[in-house]
Amino acid sequence: MNAPMIRRGNGERAMGTTSRRADAARLRGKSRAATLLTAAASTMALALVVSGCSGGTVAVGAQPKVTLPQPGAVVTGSPSAAPTAGPPKCNTSALSYHPTAGDASSAAVSNIKKRGKLIVGVAQDEYLTGYLDASGNETGFDVEIAKQVEQAIFGNQDPKNIQFRAVTNAERITALQTDDPARAVDMVVDTFTITCDRSKQVQFSSVYYNAYQRLLVLKNSGYRNLDDLGGKKVCAQNGSTSIQTLMMYKSHPIPYGVTNLTDCLVALQQGQVDAISTDDTILAGLAQQDPNTAVVGDRVEPEPYGIAVSPGNTGLIRFVNGVLETIRGNGQWQKIYQNSLGSVLGPQQPPAAQYAD
Amino acid sequence: MGACSAVATTTANVSAGMGGTGSSLDPAAQPDPDPPEAVKGRRRLTTPARLWVALIAAVVAFLGIGGACAGTLAARQSAETNAAGTSERLVQNVNELYHALAEADATAATALLVGPVPPTRLTDLYNSDINQAVTALSTASRELAGDSTASALLSNVAGQLPLYTGYIATAQANNRLGFPVSGAYLHEASNLMQGQILKEVRSVADEESAAQRSGQSDVSGFPIWILVAAVLAAVVLVLAGRELSRSTRRRFNSGIVVGATIALFVVIWSLVATSSAGNAANRAQADFDKVATTLWDRDSLALADSYQSLTLVDRGADNGTDAQNQAKALGDVDSAALKGDAAALYSKLKQQLANVRSASDNGDYYAAVELIVGHDTKASPNTASADAADLDKALVKTFNADQATYTSDANAAESSLSGGLWGGLIGGVLAALAAAYGVNRRLAEYR
Numbered sequence: 001m002n003a004p005m006i007r008r009g010n011g012e013r014a015m016g017t018t019s020r021r022a023d024a025a026r027l028r029g030k031s032r033a034a035t036l037l038t039a040a041a042s043t044m045a046l047a048l049v050v051s052g053c054s055g056g057t058v059a060v061g062a063q064p065k066v067t068l069p070q071p072g073a074v075v076t077g078s079p080s081a082a083p084t085a086g087p088p089k090c091n092t093s094a095l096s097y098h099p100t101a102g103d104a105s106s107a108a109v110s111n112i113k114k115r116g117k118l119i120v121g122v123a124q125d126e127y128l129t130g131y132l133d134a135s136g137n138e139t140g141f142d143v144e145i146a147k148q149v150e151q152a153i154f155g156n157q158d159p160k161n162i163q164f165r166a167v168t169n170a171e172r173i174t175a176l177q178t179d180d181p182a183r184a185v186d187m188v189v190d191t192f193t194i195t196c197d198r199s200k201q202v203q204f205s206s207v208y209y210n211a212y213q214r215l216l217v218l219k220n221s222g223y224r225n226l227d228d229l230g231g232k233k234v235c236a237q238n239g240s241t242s243i244q245t246l247m248m249y250k251s252h253p254i255p256y257g258v259t260n261l262t263d264c265l266v267a268l269q270q271g272q273v274d275a276i277s278t279d280d281t282i283l284a285g286l287a288q289q290d291p292n293t294a295v296v297g298d299r300v301e302p303e304p305y306g307i308a309v310s311p312g313n314t315g316l317i318r319f320v321n322g323v324l325e326t327i328r329g330n331g332q333w334q335k336i337y338q339n340s341l342g343s344v345l346g347p348q349q350p351p352a353a354q355y356a357d
Numbered sequence: 001m002g003a004c005s006a007v008a009t010t011t012a013n014v015s016a017g018m019g020g021t022g023s024s025l026d027p028a029a030q031p032d033p034d035p036p037e038a039v040k041g042r043r044r045l046t047t048p049a050r051l052w053v054a055l056i057a058a059v060v061a062f063l064g065i066g067g068a069c070a071g072t073l074a075a076r077q078s079a080e081t082n083a084a085g086t087s088e089r090l091v092q093n094v095n096e097l098y099h100a101l102a103e104a105d106a107t108a109a110t111a112l113l114v115g116p117v118p119p120t121r122l123t124d125l126y127n128s129d130i131n132q133a134v135t136a137l138s139t140a141s142r143e144l145a146g147d148s149t150a151s152a153l154l155s156n157v158a159g160q161l162p163l164y165t166g167y168i169a170t171a172q173a174n175n176r177l178g179f180p181v182s183g184a185y186l187h188e189a190s191n192l193m194q195g196q197i198l199k200e201v202r203s204v205a206d207e208e209s210a211a212q213r214s215g216q217s218d219v220s221g222f223p224i225w226i227l228v229a230a231v232l233a234a235v236v237l238v239l240a241g242r243e244l245s246r247s248t249r250r251r252f253n254s255g256i257v258v259g260a261t262i263a264l265f266v267v268i269w270s271l272v273a274t275s276s277a278g279n280a281a282n283r284a285q286a287d288f289d290k291v292a293t294t295l296w297d298r299d300s301l302a303l304a305d306s307y308q309s310l311t312l313v314d315r316g317a318d319n320g321t322d323a324q325n326q327a328k329a330l331g332d333v334d335s336a337a338l339k340g341d342a343a344a345l346y347s348k349l350k351q352q353l354a355n356v357r358s359a360s361d362n363g364d365y366y367a368a369v370e371l372i373v374g375h376d377t378k379a380s381p382n383t384a385s386a387d388a389a390d391l392d393k394a395l396v397k398t399f400n401a402d403q404a405t406y407t408s409d410a411n412a413a414e415s416s417l418s419g420g421l422w423g424g425l426i427g428g429v430l431a432a433l434a435a436a437y438g439v440n441r442r443l444a445e446y447r
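Chains as they are written, first to last, in my numbering: chain A, 1 to 357; chain B, 1 to 447.
Only true hints are included.
If you only want the chain A side, here are some residues facing chain B, beta carbon under 7 Å, derived:
#, residue
1, D125
2, Y127
3, T262
4, D263
Anything over 10 Å on all C-beta distances counts as not near chain B; from chain A, calculated:
#, residue
5, V60
6, C90
7, A108
8, G155
9, Q177
10, T195
11, R198
12, K200
13, Y249
14, P304
15, G346
16, A352
Simulated from the structure, these hints should not be mistaken for laboratory data.
The structure displayed is predicted, hence computed values, not measured ones.
We treat Cβ as the ideally placed atom computed from N, Cα and C, and that holds for glycine.
Sequences and hints are given; from them, build the entire structure.
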């Protein structure tokens, strides 16, 4: 749909010109002498005003620096502020409650059954843990764990009975607290590390996987661990435990925060950061998407994963813990692990359950 | 306008000059510098000298009228030519650039939704959009070469466009492998497009719209300088006529009368021409507003499409900003101005997008994608993207109709003014010749 051209008017006849700004450019409507004069004048003006600039002559041999857009931003904040407050000690592995016999008929579980659908907050861009496969289906380690809970409630796995809602890391808590039906979820299974602070805002299950914060670097970069990255930009997700670890780490890396972890891979591929620091599960997924990268470094910080439900929903969390007990024992956990993370992270055993009560 | 001030100063100079000549004939007045004496000296001018003064004053007055009319009409014609021939065409061009880029972004996002292998229909559309954008960009850059603000903006766009297509290509490559990082690259591309490129294009378009507007208002303003020249000339002619009737004992000088008649005709003709051109320019301005509304509606719809697809690519992992942006873009469409098919298609599209929204809110991702683009590689008639294409066609039709009206009104304004330069100049010269001839006949009596 090309824009139709308007026939040019009898510009040659027109002598007077308006004093409009851009008239210098519209030479064609003027007499030849005026054209020459204006051309001379604007050439001089251009040379004076925009020399070396985009509108002017291009300097031979110049290599202008191209600034690529940033997928995230450097997180500023005092690195020493956080640890001095000293979070109250708690045993993150033993914050949940024993499953009991009547959990399946608890109000929380019956409500989900009545609704006909379990709503789960997941990641949609974390390769191997929670992502959309080529046919548009949610898949990955966390997603399969969530489907086990669905099966326990409804008796089978059917896409009709489970609804996945993509949440950002920062949204994992708010989605459990909100009343907005368009955002609310029953539970979050999204590489959600159990911490003492978070356990005051949401209710965690027993630990279903122990991840560790490690590093993803380019294979030829020479970086071996976080100590090598003092003063270097290291990417992590805003609102994650990883970015807090980076802010406090003794070698003082520069934390670079993004909304979604895949943005970290973009930043690494564009040379905007030197490393990505997060859970080894997620790094394994990123490494799968770029064979030039490798997961390296010490296991900096343990990241026990739990399924989270809204605060105080003990009925649902006891039921979920029951499901986790079952799949630990019947080999289902091993099967799920082998199909997703196992090929990258090697064989592992499910973590043993511990409870607060 | 310059012509008129020239009338006043030239007349003054001429009188002074003539006074000087008169004084040389009467040496008594020459050495006395006192103003009252100078006035006395002028009164003591000989009759032929006074006739000469009247002749030159009348000639200058008539030429002044002719010049003012010619200058005003020619300036307005040129303003109209610029507004309609250059600014408006650039508005279209820059708008097409905006639309092609917004549509390319929407298409790229939609193609990723479909699956690892994008349908040929969508890749073709994307390629054609980028091609159209580059053509529009190079045309606009050429035409706006002298405008440093617009040039700098377009040069930024030209620099960012390859980055954009690079991001899209990386997203496509990763998508073929089924890697989620493709969504991140798509987002980078979209942020660059929505956050920078389209904003830059929009400011160039706004600048050209303002230029078009100012050109039309130059044409429709009141022709004050013609009136000023006419009043000044009338004063000069009355004074000259009085001098002539005193010196020649004739009530009217036939040459001055003929000249004044011609001048009056020229002035009236110029006023009629400017007024009819002004009316046409006002109509053209109203047409332009319609054209601009339609063009921006197309752009807003393309943006809404793009945000809709992004909503599904992100599936909520964007804190809801895609959905907000999409609602804003849809709201920017001036639905009251939509006519005929377009109005119906707009409500259909809005309904379809609401269905998509509720499907994706319910987590039925597959159904949402189906509603937007279908999973088939063939175009399905009942998808949001097909509805959007139909609506776009209807809007292009509206645009073509409004644009034709604009062109004809702008041409009417221009042709009302055509011949103004020569008409004014020839009228002025004829009137001056008549006056010179008439006064010269009286002068001849003294030779």
